[in-house]
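K.L.:
Sequence:
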Amino acid sequence: MPSEEQMRAVGETCTEYWPVDEGPASCSNCSHWKGDELKCELDIFELQLTNLDQT
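With my numbering applied, the sequence shown covers 1 to 55.
For the record, the hints were derived by calculation from the structure and aren't laboratory data. Take the hints with a grain of salt, since some may be wrong.
[As the list claims (entries may be wrong)] Using 20 Å as the maximum straight-line C-alpha spacing, the simulated EDC-like pairs for lysine to aspartate or glutamate come out as follows: (1) Lys-34 / Glu-4; (2) Lys-39 / Glu-4; (3) Lys-39 / Glu-5; (4) Lys-34 / Glu-5; (5) Lys-34 / Asp-53; (6) Lys-34 / Glu-22; (7) Lys-39 / Asp-21.
[Stated by the list, open to error] Label-pair ranges, simulated between beta-carbon atoms: (8) Glu-22 / Gln-54: 28 to 34 Å; (9) Gln-54 / Asp-21: 28 to 34 Å; (10) Val-20 / Gln-54: 14 to 20 Å.
Every value quoted in this text rests on a predicted model; they were computed, and no experiment measured them. In this text, a Cβ means the ideal position worked out from N, Cα and C, and glycines have one as well.
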């Protein structure tokens, strides 16, 4: 499971981020973050995280 810091960084830059409430941008606050393992249902978390490292 990614750290909250990683989820915030991805949430702030992800083009598919869709918040479920008015909290801070984070994967944990995104409508696509779900499932038994709590991961991105679009399967783009790792790609988004890698792209952050490229900038």
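K.L.:
With reference to the structure, classify each hint as holding or not holding.
P.N.:
Taking the hints in turn, this is what the structure says about them:
A hinted pair counts as satisfied when its Cα atoms are at most 20 Å apart, and Lys-34 with Glu-4 qualifies at roughly 15 Å. Distance check on the hinted pair: Lys-39 and Glu-4 sit about 12 Å apart at the alpha-carbon level, within 20 Å; holds. At most 20 Å may separate the alpha-carbon atoms for a hinted pair to count; Lys-39 and Glu-5 meet this at roughly 15 Å. The straight-line distance between the Cα atoms of Lys-34 and Glu-5 is roughly 18 Å, inside the 20 Å bound, and the hint therefore holds.
Distance hint between Lys-34 and Asp-53 is unfulfilled; the C-alpha atoms sit about 24 Å from each other, more than 20 Å. Between Lys-34 and Glu-22, the direct Cα distance comes to roughly 18 Å. Compliance with the 20 Å bound is thereby established for this hinted pair. About 18 Å separates the Cα atoms of Lys-39 and Asp-21, which keeps this hinted pair within 20 Å; it holds. Checked against the hint of 28 to 34 Å, the pair Glu-22 and Gln-54 passes, with Cβ atoms roughly 30 Å apart.
Look at Gln-54 against Asp-21: about 30 Å separates their beta carbons, and that is inside 28 to 34 Å. Between Val-20 and Gln-54 the C-beta distance comes to about 28 Å, which lies outside the given range of 14 to 20 Å.
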